[in-house]
Every structure is written in C-alpha cells, then in structure tokens.
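Dock chain B against chain A, hints included.
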Amino acid sequence: MTERALRQRAATPSPPLALDARRASRATLIILLAPALLLYAAFMVYPVLRTFWNSVHTIKPNNVPAFVGLDNFRALLGHDWVFWKAVGNTAIFAIFATIADVLGGLLLALALFSRVPFARFLRVVWFTPVLMSYVVVGIIWVWIYDYDWGLANVILRAVGLGGFEQSWLGDPRTALWSVMVTHIWKWLGFNMIIFLAALYALPVDVLGAAELDNCGWFAKLIHIIIPMLKPTILNLTVLSFVGKMMIFDLVWIMTGGGPLWSTETVSTYVYKRAFDWNTFDLGYPSAIAVLWFLIILVFIFALTQIMRQRERLEF
Amino acid sequence: MITWRLAAPLAFAIGLGWVAAPGAHADDVTINVWTHEADEDAKVAFRELAAKNLEAAHPGVHVKITWYEKNPLLAALKTALPAGQGPDVLYVEPDWTEYVEAGYLAPLDDLIDWNNIETWARAVWMFNGKTYGVPQEAYTNEIYYNKDLLKKLGVELPANAQFTQSQFLDLVKKAKAAGITPIAQGVGDRPFPGAYILGEALLRKLGKDDYRKLWTGSLSFEDPRVVDVFKWTKELVDAGAYPKNFMTLKLGESHYYFYTKPGALMLPMGSWYTGRAFVPEDKGGQPKDFPLGVMQYPAMDGGACNQCKTSAVGASFAINSASKHKDIAAEFINAMSTPEMGKRWIETVYLQTGIKADVKSFSGPYAAYFTELMERQKGADYFIGGPRDLTRGECKDSFAQVMNSAFPGGLLSVDQAIKMMNTACFKG
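Going line by line, the protein sequences match chains A and B. Start counting the first sequence at 1; every next residue gets the next number (this note's numbering). Start counting the second sequence at 1; every next residue gets the next number (this note's numbering).
Check before you lean on any hint, since a few could be wrong.
List of simulated lysine-lysine pairs, DSS-like, C-alpha gap at most 27 Å [unchecked claim]:
#, chain 1, residue 1, chain 2, residue 2
1, B, K70, A, K272
2, B, K427, A, K85
3, B, K324, A, K272
4, B, K283, A, K85
5, A, K85, B, K130
6, B, K250, A, K85
7, A, K60, B, K250
8, B, K419, A, K60
9, A, K60, B, K427
10, A, K85, B, K326
11, B, K326, A, K60
12, A, K85, B, K419
13, B, K326, A, K272
14, B, K213, A, K272
15, B, K130, A, K60
Hints in this document: simulated from the structure, not taken from any laboratory. Keep in mind the model is a prediction, meaning the values are calculated, not measured.
So that you can see chain A by itself, here it is in the shape it has in the complex:
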C-alpha cells in the first residue's frame, strides 16, 4: 500500500465498529418488521378499529349495517340495568381481588424469604395453580363448592360448622366472593414469585446494616423492605387491577354470570349480548366494549400518574 493510500484511509472517518455491525439497511428493517407489524395490524389494530366502528352502527336483517350515532351508548347508559350491575360486580372484583392478590402474594413471598420449613416444597405448591388453565381451575372449584359433596361443605360439617354450609355458587350473596377466592387462589403464586425475585434483589448491605443496628424483623419489614419494594407493589397492583377489570374466563366457567346476574361482569355481559342474544348485531356489545375500554384507559392513566409522582414505574 502506498503512503498516499494510507494517508487517504486515515483521513476517512470510520464509524465505530459495534455501531457498524448493528446498522441494517432500510429494506432489511422493513423485511424484519413487516411480519410482526402485519400480525399486529390484523389482530390488534383492525379489531379495535372495527369495534369502534361497530359501536356506532347496528346490523339490520340481511347483514345491512346502519349508522346510529351514539344511540347504543345512550341505551347503555340510560336503560340497561344489567350493565350497571355488571359494572358494580366488576368494580368489587377488581378492587378486592387486587388487594388480596397483592397482599397475599407479598405475605407468601415473605414467608419463603424468611425460610419457613419446607420452603422449596411450598414454593412449588403455591405456584402450581398459576400453571393450570382457567377451565381446570374452574371445574375443580365448582366441585369444591358443591353443596352436597363439595370439599368446602364437607369440611364445615366435619368440624361441626354444618350450620354455615352454603350453596356457595348458587346464592347471590356468596357467588361473587366464591369466584373471587378461586381467582385469588390461582394468581397468588404469580405475585409471590415476582415479590420473591424482588426480595432477593434487595441490597444485602442495607438489610445487614439494619440487623447490626438491632432492627427487629417487623421494623425491618415496615421501614426497609416494603419501601424498597414499592415499585414492585405498584406495578403488580396496576397489572392485577387491569386484568381483573377484564375478568371473563373463570366467571364464565363457574357461574355464567348467575345466579340472578350476581356474578355478571362487563366481559361476560359483552359476550352474552354478542353471542347469546339471538342476534348478529355487534353494535350494542361493541358499544359496551368501547365504553369499558375507555374507562380502563382512564384508570390506567390515573394510576400511572399517581405512581409517577411517587416512584418510577418498572414496566
């Protein structure tokens, strides 16, 4: 290589080696992204847009759509008492089950973190329900709640509390809470694992320093562990709450929304209006879905704002 050529090469600015290797042409980027974008557009964007479109239309006989403006929303908000019943049930479910899920998961994680006897075994046992499908869980718990031969009543009778036996899923006063217990049983293990991971990630030196200062277990929990777990607690609260606002599977399997709409949730009501009401008109059920989507969006926004003021979210 001549001296001139060497000088020319030295004068040409060369990109950093790592950046160069990661740089792809526009065509490559499009080819790589296209399948995912297409799938996203087909199965997420289009259905959402279509649901919005449906919500302001009604399908007349022979599959003819007719624009009805906000009529579906007016009917929904003004005259549909089942919708409001479903909203109430969903709100109760989302609030109480979220609190129980998060607190319960934290307690289980703390039990494992403090190395209770058989901790490894318990960790597997507590996490196993998370791996089971809703169908299996629902069927098992319907059996557990059976009046005659269900485990819940058998135990009550065995310990002399037969007076408290119930048709757990057949009584409007207990049905929603019974479904909630099942849901919590299924998801406690998930929250437990997340909390456990967060607990093991806590800085050892801080906990060690607390111990050197003779800080008791409870004081350590209140003043050190929980404040340091706050981002995890907040994240799980949001995720859990949003998930429960959309609860469908378990309710559908266990009660179908009954008895007397006492376990009807917004999602089961949407399904009923779409598929059980002898109609192909998706306008009204779409209006419910759109309204609920907006409400959930508001909740997420509000919760996120509240949390941002306190801690950065770890989404």
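Showing chain B alone in chain A's frame:
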C-alpha cells in the same frame, strides 16, 4: 441456499405432485359439516354413516365432519358466517332465528326431498314461506321416574300416567320425608332444565294459545292463572323438590344423580334423555336393570289443556348461503333423512325424529322404554316449541336467570319472579 432457479422447478414439481396425488379426481368436492353432539356416540355414528353412504354413492365427493360442543360451535359460526366463511352444512336449532334473519342460511325448498320429512317438523323451520332447516331430532318433554322408588313410597301411578297438581305436591313431600330427592334437576350448565315443571304447568293451565301469548309478550305474567302456577311451583320448591346443589348441578350430572348416585325419584327432561342414559354404564349411562318409567307432567286444577304437551325440534341441519356446493350439501342432508335412516335413528338413538320413519314395533334392549314413551304420546295435544324458541334478548335471558334458575332455586318469591318476568317479557 435455494435459489429462484432451483425453487421454481421445485414448486412446480410439488404442485404437480399435489395435482397428481393418487386417488384424486378432477371433480373432487369436499363438503364441510360443522355439528354439535360430539359426546353422543349414537348420533356421531348416525351422521358418520350418512357421510359414508353419500361418499359411496357419489365417488369424488368427500364429507368432512367437524365435531363441536354447542358453545364453541356457536362462537365459531358467529365469527365465520359474517366473514363469508364457515361450513357448507351446519348444525342449527330452531331458536337460532338470527341466522335466517341475517341471510346466512340458504332456502332449502327446492334442494331437499321434503317427502321424507314430517310436515309439522318442517313447519318449525318455515319463515316467510321459505324453509331454512331440516329437522332431524324431535323430542317431547317427559318426566322420567324410578318405578321402584315410587312403589317404595306406596304411590301408584294413575292409569293415564298423570297426577293432579295436589297429588304431585304430596308425592314430592312423601319422597322428601322418606329421604329421597324428589326431582334430580340442575341448572349448572344449561339455561332451561330448571323451568321444565313450571313451563309445562303453564302450558296445561293456559292452553296453547295463551301459552304462546305469554312468551310472545301479549299476555301478562300477572294473569291470575300464571300467578297460580307460580304459587304451586313455589310450594314444590319449599317442599324441597329440588336437590340442594340444584344451582351447580350440570345436565349430565343430573342424569347420573337420578339413576345412580345418590338416586332420585324423578327427572323432568326432554326425551333426548336417552342420549346420555342409554350408553354403557362405565360411560355414565343408567344401570342395565334400572326401573325406568315415564309419566306425564301433572294436570293443573282448571287447566285449559291438561292433555297438552311440549314437542319440539332439536338438532337440525341447514346449508350456508355462501356455500359453493349447495346441491351436494343438500345431498348430504338428504342422505341423513331417508326413511331407512329415520328408522335407524329411532332404533339406535332411541329418540323421536322429524324424518318420516315407518317403525311399527321396537326391538332391542330398550324396546320396552320406547313402547312406554309412545304410550305417553297417545291423546297428546302438542305445542310445538319451547319458551327458548319463542323468546329473545332480555326475555330469554330473564327466563334463564329467573324461571330456570333463581325461582326453582328458592331465591325469589312469587311476586319477585312474576315482576321480573313481566318487566322483561310483557309488551302490553
């Protein structure tokens, strides 16, 4: 790496191989059928046989049957049909009227051999002068009972097999006092069985015309006759007619409850009871020596039509209006609807049918049952269709929640139930 030069001939060769697959015909046609009742062996065998018969008679025609449970089938149809997709032939039931209204079912008047179908059964599927479904299954509402338990209670069935309403109430009380569950019924997975007693009582009390008016919104639930029937039913409920696990007991479980464990005196059910009961015991069927009897629903005091009885069409088949092979799809339905197949249906499914079938005598292990069932049809004045066939929307939902579930489940007073049904159904 496969280059385009290599890929093109390869694709051509694969395509050629596809076209020239052994056994394929130039005019091969596959008819897709979506049907419910995957869990009823006799019906599965019946429809598979019809498919085989059609394939044998028409070389090149293939029938692909996809078996569903009812709810997944409904979900699949309600998404496929609006998209212009779906099967050529689909299972339908008479209360699925929205399929006709939406134009998803093809008129069958010129496609089907109607000489083989009972006129009354065809009428169920007629809308605005056109026929949209071919009835296969027909049934009547009956009360099945355990003959031994009835004898044990010291009660004799009247000659016409029909108790009066007070006799029936006494029977329930006697059974309860003897520690026997009077009626094995559950509504854990169905929106109708809890209303059998109440519904049939309303039919007998009101007569056919007013019964229809009740369900179509032109007769109030506050009508004194209706209130009387609700009060009588409430007496049954309060007497402990239904099991404690009524609200969660599923349809299949209620059969097992009735004939095996723990055992019950009666099971009100459509005559499609046989689909679950007449299968081997290890598959949940009734014990071989089970003393099965059939009785009429009780006669109501002052009833306008105590000989009335609900008869309905169940499983039916229709053709997708978007099907490209309507003629062949119709051939498949015709293959299921010959008199020979009708006879086979009765002899293997042990159930009535909308297909004309000349069956004068019955043979086989359940011949005595079928003879008794036919005995119960003598002098019957049929009302075709049930409440779920006649109601829609809010009224249908209230029927499921109130009359099927909460009222017989003891959760509602007569006044509350009447008010809720009237609000949902009565149009004034």
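B/K70 paired with A/K272 [C-alpha distance capped at 27 Å]: At roughly 15 Å apart (the allowed maximum being 27 Å), A/K272 and B/K70 satisfy the hint.
Restraint check for A/K85 with B/K326, where alpha carbons must lie at most 27 Å apart: violated, 46 Å
Pair hint B/K283 and A/K85, alpha-carbon separation not exceeding 27 Å: violated, 41 Å
Distance restraint between A/K85 and B/K419, which requires alpha-carbon spacing of 27 Å or less: This hinted pair holds, its Cα atoms lying about 18 Å apart.
Hinted pair B/K427 and A/K85, Cα distance within 27 Å: holds, 23 Å
Distance restraint between B/K326 and A/K272, which requires alpha-carbon spacing of 27 Å or less: violated, 31 Å
A/K85 paired with B/K130 [C-alpha distance capped at 27 Å]: Cα-Cα ~41 Å, so violated.
Satisfaction of hint between A/K60 and B/K130, Cα-Cα up to 27 Å: holds, 20 Å
Restraint check for B/K213 with A/K272, where alpha carbons must lie at most 27 Å apart: Holds: B/K213 and A/K272 sit about 26 Å apart, inside 27 Å.
B/K250 paired with A/K85 [C-alpha distance capped at 27 Å]: Roughly 26 Å separates the two Cα atoms, so the pair holds.
Hinted pair A/K60 and B/K250, Cα distance within 27 Å: violated, 36 Å
Hint consistency between B/K324 and A/K272 [alpha-carbon to alpha-carbon, up to 27 Å]: With a Cα-Cα distance of about 32 Å, the restraint between B/K324 and A/K272 is violated, given a limit of 27 Å.
Hints 3, 4, 5, 7, 8, 10 and 13 from the list above are not met by this structure, while the remaining hints are.
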